[in-house]
Amino acid sequence: MITRDDLIGTWRLKSWTSLKNGEPVGYPMGEDAKGQIIYSPEGRMSGFLMRRDFAEQPRDKAASPDICLAYGGDFRVEGDEVIHDVDVATVPYWIGNPLIRTVVMQGENVLLKTKPETTSSGNTYEHHLLWERIGG
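If you're matching positions, the sequence shown starts at 579 in the working numbering and goes up one per residue.
Hints listed in this document are in silico derivations from the structure and should not be mistaken for laboratory results.
Quick reminder that beta carbons are idealized off the backbone N, C-alpha and C, glycines included.
Fair warning: there could be bad hints in the mix.
Cross-link-like lysine-lysine pairs, in silico, BS3-like; alpha carbons within 27 Å at most [as the list claims (entries may be wrong)]:
| # | residue 1 | residue 2 |
| --- | --- | --- |
| 1 | Lys-598 | Lys-691 |
| 2 | Lys-598 | Lys-693 |
| 3 | Lys-612 | Lys-592 |
| 4 | Lys-693 | Lys-612 |
| 5 | Lys-691 | Lys-592 |
| 6 | Lys-691 | Lys-612 |
| 7 | Lys-592 | Lys-693 |
Computed spacing ranges between beta-carbons, pair by pair [unchecked claim]:
| # | residue 1 | residue 2 | range |
| --- | --- | --- | --- |
| 8 | Thr-588 | Ser-698 | 35 to 43 Å |
| 9 | Arg-630 | Gly-700 | 30 to 38 Å |
| 10 | Gly-621 | Leu-689 | 20 to 28 Å |
| 11 | Gly-600 | Gly-713 | 26 to 34 Å |
| 12 | Pro-606 | Gln-684 | 15 to 23 Å |
| 13 | Asp-610 | Arg-654 | 28 to 36 Å |
Turn these sequences into a full structure, and let the hints guide you.
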C-alpha cells in the first residue's frame, strides 16, 4: 500500500515501455522520450511526455498524441493505485475521466502501470512508465 506522501514531488521519466500480452513491444515516443510528472501536497498533479526530438517536429504535428502528451487534475491514492482525475489534457477524451495507475515504489523511483486493456482480438496492452524523483 502506498500513501499520498510517497508521490509528492517532481519526477523525471526514465523509461516508457509498451507491453503486449505482458511482453515489451516498443517505446511509444522512442527509447529516449522525455517527461515530467509533479504531485503537489495540495492534491494536484500535472504530467508531460514528449519525444526527445519534439522541437524538430513539423508545427502541424506537434500536438499529435504520439509526439506530445500533457494533462493535469486532482489526484488521490487508493490502495496501490493513484487515480488522476483529469480536468485539462491534450487528449480530449481524457478530460473528465480518471486515469488509474498501479504504483510500484522502487527506492527513489516509482513505476506507474496503466490498467491492461484487452482488444477484441484477445491481445492485452499496457504501458509501464518508470520515473525518478528529482525534487520534493
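Here is what the structure says about each hint:
Simply put, Lys-598 and Lys-691 have alpha-carbon atoms about 13 Å apart, close enough for the 27 Å limit, and the pair holds. The straight-line distance between the Cα atoms of Lys-598 and Lys-693 is roughly 12 Å, inside the 27 Å bound, and the hint therefore holds. Restraint check: the Cα-Cα separation between Lys-612 and Lys-592 comes to about 8 Å, which is no more than 27 Å; the hinted pair holds. As the CA atoms of Lys-693 and Lys-612 are separated by approximately 22 Å, the hinted pair is consistent with the 27 Å bound.
Between the alpha carbons of Lys-691 and Lys-592 the distance comes to roughly 14 Å, so the proposed pair stays at or under 27 Å and holds. About 17 Å separates the Cα atoms of Lys-691 and Lys-612, which keeps this hinted pair within 27 Å; it holds. Distance hint between Lys-592 and Lys-693 is fulfilled; the C-alpha atoms sit about 20 Å from each other, no more than 27 Å. Checked against the given bound of 35 to 43 Å, the beta carbons of Thr-588 and Ser-698, roughly 39 Å apart, stay inside it.
Against the hinted window of 30 to 38 Å, the Cβ-Cβ separation of Arg-630 and Gly-700 comes to about 34 Å, which satisfies the hint. For Gly-621 and Leu-689, the Cβ-Cβ distance of about 22 Å falls inside the hinted range of 20 to 28 Å, so the restraint holds. Between Gly-600 and Gly-713 the Cβ separation comes to about 33 Å, which falls inside the hinted range of 26 to 34 Å. Between Pro-606 and Gln-684 the beta carbon distance is about 21 Å. The supplied range of 15 to 23 Å therefore holds.
For Asp-610 paired with Arg-654, a C-beta distance near 32 Å keeps the hint of 28 to 36 Å intact.
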